[in-house]
Amino acid sequence: MSSTQKYDALRRQSRTLESLVEAKLSAYSRLASEVTRSNDLESGSSSAERLRDLESEVDGLLEKLRETHKEMAEQVDKPQAPPTQSVLHALQRHKELIQDYGRDFSRTKTNVQQALDKANLLNNVRNDIDSYKAAHSSVTDSLLAERGRIDSSHRMIDETLNQAYETRAEFNSQRTMLGTINTRMVGVIGTLPGINKLLGMIQSRRRRDSIIIGCLIGFCLILLLSYMSH
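Taken in order, the sequence shown gives residues -3 to 226; the numbers are from the working numbering.
Just so you know, the hints here were simulated from the structure itself, not pulled from any lab data. Among the hints, a few may not be true.
As the list claims (entries may be wrong) - Derived DEER-like restraints, expressed as beta-carbon distance ranges: (1) L84 x A23: 26 to 36 Å; (2) I125 x I146: 20 to 30 Å; (3) T172 x R145: 35 to 45 Å.
Built from N, CA and C at the ideal position, the CB exists for glycine as well.
Turn these sequences into a full structure, and let the hints steer you where they fit.
Take a look at the structure:
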């Protein structure tokens, strides 16, 4: 196979590899964008594994593409067949494409790695929080139970105080009502002077009756003593 034929075969192989790299790199970038937005980048997840597989495929294709370009450059560097300007331009174009692919792939892979590191960090933080909660759950439960008992005691005290306040209010109401009745009675008695006079006459009659009965009892005792002395 002549150098020209071998160069043409390598160029066709290079174009095939370039198409494969573009397709795989596009799929890798699209998947990276999707899983980054959905935060599905935890280690061991299906999305993370798929990204790693695509990275490996793109890495392998880029390596083959670089080797193919190197062989193409070796074919045109032979002194017996100097390359034409179109061949040199094609080589330069292939080289620039390989560099562009490498930069795009490196940038996307860096973004994916940063997102993966962030997801793993958040996952570790969540695990630490869960572990802390599990380790302190008994203490927290005890504190919550104690707080519940304190709240229950506070409610009982509030109910007792409310009952005491209601009883005191009832006593005050009864005292006010009795005072009102007494005031009314005094007012009624004051507006009827005949009642006071009648009460005075009754009391005077009772005193007179008491004096008469006392005198009668004394007279009877004197008669009894006189009889017994004879």
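Consistency of the hints with the structure:
The hinted range of 26 to 36 Å is satisfied by L84 and A23, whose Cβ atoms lie roughly 33 Å apart. In this structure, I125 and I146 meet the distance hint of 20 to 30 Å, their C-beta atoms being roughly 28 Å apart. Taken as a hint, the range 35 to 45 Å holds for the pair T172 and R145, whose Cβ atoms sit roughly 41 Å apart.
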